[in-house]
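Here is what each chain is made of, one letter per residue.
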Amino acid sequence: MLTVKLGGSLAAKAGGKSEFEIEGRNVADVLRALGELCPELKPILDKGVSVSIDGTLHREALYQPLTPANEIFILPRMAGG
Amino acid sequence: MGAVHISTTINGDTVEYICRPDESLLDVLRDRLGMTGSKEGCGTGDCGACSVTIDGRLVCSCLVLGAEAGGHEIETIEGMADGDKLHPLQQSFLEHAALQCGICTPGFLIAARSLLERNPDPTETEVRYWLAGNLCRCTGYDKIVRAVMDTAKDMKKKGRRNAA
Amino acid sequence: MPLDTKPNVIPTTFKTVGTRPVRPDGVDKVTGRARFGADMQAPGMLVGRVLRSPHAHARIVKIDTSKAEALPGVKAVITSKDMPAQEGCDMDVLTNVMARDKALYDGHAVAAVAAVDAAVARKALKLIKVDYKVLPHVTDVDEAMKPDAPILHAHIEHEYQQDLLETAGHVKGKKERTLPKGKRPSNIAGRYEFGHGDIKKGFAEADVIVEHEFTTEATHQGYIEPHACLASVSSDGWAEMWVCTQGHFMVRDVCAKLLGLDVSRLRVTASEIGGGFGGKTTVFIEPVALALSRKAGKPVKIVMSREEVFRATGPTSSASMKVKIGAKRDGTFTAADAILKFQGGAFPGSPVEMGAMCAFACYDLRNVRIIGYDVVTNRPKQAAYRAPGAPMAAFAVEACVGELSEKLKMDAIDIRLKNAAKEGTVSSYGPTFGPVGLVETLQAAKAHKNYKVKLGPNQGRGVASGFWFNFGGQTCTTLNLNSDGTLGLAVGTPDIGGSRASMCLMAAEELGIAYDDVRTIVADTGSLGYNDISEGSRVTFSSGLATINAARDCKKKLCQRAAMIWGIPEEAVEWKDGHARPAGANAGNFEPLSIKELAAKASGTGGPIAGHFEVNADGAGPSFATHVVDVEVDPETGAMKVLRYLVVQDAGKAIHPDYVEGQFQGGAVQGIGWVLNEEYIYGADGRLQNPGFLDYRIPVCSDVPMIDTVIVEVPNPGHPYGVRGVGETSIVPPLAAVANAVSAAMGVRATTLPMSPPKVLAALENKMRKAAD
Amino acid sequence: MRYEAPDTIKAAVGVLSKARGTSRILAGGTDLLVQMRSGMLEPDLIVDIKKIPGMFDITSEKGGYRIGAAVSGAELGEHPKVRKFWPGVVEAVELIGSTQIQGRATMVGNLCNASPAADSVPALITAGAVARVVGPKRARNVPVEEIAIAPGKTSLKKGEFVASIFLPKPKARSGEAYLRFIPRTEMDIAVVGAGVSLTLNAKGKCTDARVALGAVGPRAIVVDKAAAALIGTTVDKATLDKLAEICSAAAKPIDDKRGTKAFRIKVAGVLARRAAAIALKRAKG
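Residue numbers (this note's numbering), protein chains in the order written: chain L, 3 to 83; chain Y, 2 to 165; chain R, 328 to 1100; chain F, 130 to 414.
For the record, the hints were derived by calculation from the structure and aren't laboratory data.
Errors might be hidden in some of the hints.
Said to hold, decoys possible - What the simulated footprint calls covered on chain Y by chain R, stretch by stretch (three residues with Cβ under 8 angstroms from a Cβ of chain R suffice, anywhere in the stretch; the number is not a length): (1) 3–14; (2) 39–45; (3) 59–67; (4) 96–103; (5) 128–135; (6) 140–149.
Ideal Cβ positions, reconstructed from N, Cα and C, are used throughout, including at glycine.
Input sequences plus hints: build the corresponding full structure.
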C-alpha cells in the first residue's frame, strides 16, 4: 500500500480528501488509481501534475518505481519564470 | 507623403538614403541601412537602447528624424570596434560579464564611450547619472558600472604609460 | 533522473567549472552583430500590425475590414474568423491572442493586418471599423470577487457561502451575509488550500500574534526587447518562424495546435532574446503572424511597440492578502495562516497556487494553512514573472516575521534561524525538504559587514528570506565531435542570461578539455528533440545535466574507439584529462590518445563521434536566499534611497560565478523596482494609464547602489555537479526586505506596494497626527 | 506630412503662415517625435529651424545672454558664463530627461511644449527671462510666463515661433535655484517643481524675489505672495517656513498617475523652502 497525499486544488477536487492508500508500483499506477477514485481529478491528472517523491519534484516520471517507504505528494503542475 | 533624399556620414562612411519625413533615424538605420545594432526598446527616448552620437553628441536615434540627419557625423555601435580590435569598453564589458541578454549593451557602450570622452575619470555617481537614460533589466547595473569605471582606470594607466 | 538508480557522486574539486571565462556569444553582443527578434529580414517581407481594443470589457458586435482590405499595399487582414478553434487547442490562449465574441481588456487584440510597409499598415488599422457594445468592467481583485461584480466568463462558477465565512471581511465591503446557495457565475476561478496541523491550537499556544492585510500591484517583467517574430508560411503548408522566446519548442507546438498545422511542418528558430523573466513563456503575436502569412502568402514580421508590450502581454498578478503568524516568547512560530487573492487578468491561471506553496516555505511550521483564490479581471492575461506568485506572498509573510522580531525584541536574522526550514523539515506545501541552504544563507548574511554598519537618522535596515522550487523538465542535447577535436554542443533551451557559457564549462569539465574547444548553440526545433521552456530556473540545471551526460556518452564512445585502435577490451580503457588511457598496467602499455587524435581517426574507426542525452529532468533542488538592505527616507517628501544591498543565496554549485552573481543582482533590482515604484495604473475607464517606460518606472542606474553578493554552495544531490537553479529566488525577498527597511526607517509598517513617495509621506503624516492626539 | 528646413526666419515664418492643417516646429524634437510616435499628433507640416543661422548661438547682450532656440541642454550646460550667472536655470534645463535627451532637448522647446510640469519654466520665470517671438508681424519680446496659457497651449499666433530666450544680467548679491520632485532619481516628469530667485542688499536683507511653482496647476504658477514674504527679511528659518506655507497654499494640483493632490501641496512648500535656502547661499556668494 502506498500512501499518496494531494496538495492544493487537487485535494479540493477530490472532495476535500487529501490522503489516499493506493495499491501500485509506480507513479502511473497512482495516477490511474486516483483518476478512478475521484473522477473530478482525472482531467487535471491527464493535463499533467507534479509529483514529489521524498521531497524531489518530478514532472511526468510515470514509471518512477515507488515503495510504501516513499513520501508521495501529488501537486499542481507548476510553471516558472 | 514626399520622401526625402539624404546624404550623411555614418561611422566614417558617406551614406545616402531616401526616407519618409516621419521616419526616425533609428528606423532608417535598422530598416533601410540594415544596421540593426541599434535597438528599439521603447521608441520614446526612455530606454537608450538606440543610442548613437551625432557630431559627437549622445542622442536617442528614435528621437531624431532621418530627414534631419543630412550632413552630420553619425556614430553607431557598428563603428565602435576598430576592425577586429574591440574598443576597451567592449572588452571590459565582456570581462566583467556586464551583459546578460545583451539587448541594451550597444546603447550602454555608446553612452559610456561618450562619457569617457568628456570625463576620463568619473566617480560612481557620475557614471550612474550619465547612464540613467539607458535601461537594463537583467544586471541590476552593478557589473556595467564596474566595467565602465575599470575601463576609465585602465585607459588612464595606458595614457600615463604613453606619456612617459 | 527516472529509472536511474546509480548513486550520484558529486565531484568536490573542479578544473573548469567555477572559472569566469568570456561568454561565447559575447563579442557579437558588444559589436551589435547579435540578431534579436526584430533584427531578421526575409525577401518580400510584409509588416504586420495588430488592432487592439480601447475598452476594458466590450462585446464585439461587428468588425468591418472591407475598407482596410481595399487599401493599396494591404495584403491580408485577419480577425478571429481566420483563427477558428482547432481540435484540442487551448481556448484561453487562442482567445487571448485574438478576441472572439468579447474584448476582455484594454489592449486585447481584435484584428490584424499585413501590409507592404509600416505606414500602410498603420493606415489600414484606422480603416477597420469595430462595433463595440461596452460592458461594465472590473480591474481590482477584491472588487472582482464580490458576488455582484461584472462577470467576465459565464462558464466560471463558484460557491460563495463557505468563503465568505472563512475569509470574513476579506471580500472588502462584503461581511458575512446570506447569499443564494449553490454555484453561481463568478470571477473566482479557483480556491486552493495547503497546509497541515491545527492552526486554532497553534494560535492558542502563541504569546504574540501579528496580523496584517497587504496589497501589491501588478508589475511587468519589463524586458527591454519587445516581442518580435518573423513568420513565413508557404503555399504547400510548410512554415518557418524566427522569434524571441524562452521556448521555441513551445511556440512550435502551441502555434501548430492553434492553427491546425502538423508540428513537423513548422520549424521555429529562437533568436537572441532581449530579456524574458517569464514574460516570453507563452505566445501573443506568433500565431497572428503565422495566420497573416498564411493568408498573404508572404513572410510577415510583427514587432510589438512598447505600448503594446505593456497593454497586451503578460504582467504578473496584483494581490490582496492577509497573513497571521503566532509565536512564543522565545521566537518559535506556533502557527501561520494566510489568505492570498491574486487576479491573473482576463483568464484563469494566476500563480496563486505557487504563491501559496512558497508563502511559508522558509519556515518549519507545525500548524500552517494557506488559502489561495485565483480571480479573473479585465486586465491582460498574466504571464509568469520570475518565481511566479512567490514575491508577493513573501512580502506579506516576511513583513509579519519582521514585525514579530520587533515585538519580541529579537534580531531579525536570529528569529529566522530559530524557525528556518532545513533538511527533514515538512514544508508548508507538503513534501519533506532534502538538503537545503536557508540556514547557511542566514548565517552568511549575519556575518557580512553590511549587517554591522551603524545606521543614521531616517535610515532603516530590512531583512527577508525567500524560496523557490526550481524545475527540471524535458531536455535534449547533442554534443558533436569535430574533425579537429573541438566540439559543437546543441541545446534546446534559449539562452536568457549567459547559459551557453555554463554549458561550455560543464562539457569542458567532463571531457577534461579547454573551455574554448566547446561551442554551444541553441538549435532550432528541427534539429533536436523537444525541450521545455527556459523557465523555472531550469536551464543550468536541466540542460547542464543533459550536457554532462551527453559528454559522458561521448567519452564512452571515445574509449571504444581507443580500445579498437589498441585492440584491447573497452573496459580496459579509461578517460582522463582529455585523453583515452589504458586503465591500469595489465591493460597494456599504450600512449594515451588525445581527443584531437581520436577525432582525426574517427572516420577510420567507425565514423562520426557524438554524445546524446534525452531526459525529463527531475531532482532540481530548491534555492533559498536571504537579503539585507538599508534605506534612507526623506521625512519631508517620502523619497527613498537604497543605501546598500546584500544578496546571499544558495547556488548548489556556481558553474559560472559571474552569471550567478548577475542573476542575484538583477533579481534584487527588479524587486527594488516592484516595491518602490513599479505598478500598473488603471483609470476609472479600465484603461491602462502608464503603458511606457516613462510612467512605468523601472529602476534606473542612478536609483541603486552596488548589489553585494555572497554565493552559498550546498550541493543539490539531484545534479551531477550539485547545481541548483538561481534565476528566480533572487526576486522573492526584495519586496519584503525593502518594505521592512522602509518600515524601520519611518516607524510605520508599509503594507501596500508600491511604497511610492506619496504613500510613504501619507503614512508618516498619519503617524505624526496619531502622535499629536 | 511635409518636412521643411528653411534657412532664414523669414522663410520659416512664410511656410508656417501659409501652412494648412497642423504644423509643428522641430528643434530638439524630444517632445514632438514622441507625440507623433504615439499617434497623439499627426502634423501636416514640420518646420526644422536648425538650418537657420543663429539658432545654435549663445550671445552676450547687455550683460545678459541670448540663447538660440536650437541650443540643447547639453550645450547650455557646457557654457561656463551662463552656468555661473543662472545656475538655477541651467540646473532646471539639465533635469530634463537623460543624457541622450540633453543632447537634443532645448529650453525653448520645453517652454513651447507648454507642459505644466516643464522643468525649465519656473526657473526661467524666476530669472526674469524674455522670449523673442518672431512671426508675420515684427518680432516681439514676451515674458516667459506669458507663453504657456494651458496644458499644450501657447499664446503664439499662426506663423509665430520663439527664436530665442534672453536671460537678463543678474543683479549683484542675487541668487536663484530650482528643485523638483520625481519618484526616481532620473527620467521622470516633475511631480512638483519650485524655482526661487532673490537679491540681497549689503546688509543681507532681501530686496527683491521671485517664486514660481511647476506641476501644481495647468501652467507654472508665479507666487507673488511668497516673493513678498521674502522681501525685507534676512530669509531666516521663520521666513522660510512662511514661504513654504504660502507655496503649499498657492499650489492647485490634481491627483494623477504621477502623484496625489495632497502630496504635491505638501512638497511644493518643502521644495520652495529648500530652493530658497540654496538661492540665499548663492546670493551670499
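Check the structure against each numbered hint from earlier and tell me which ones fail, lowest number first.
1 and 3
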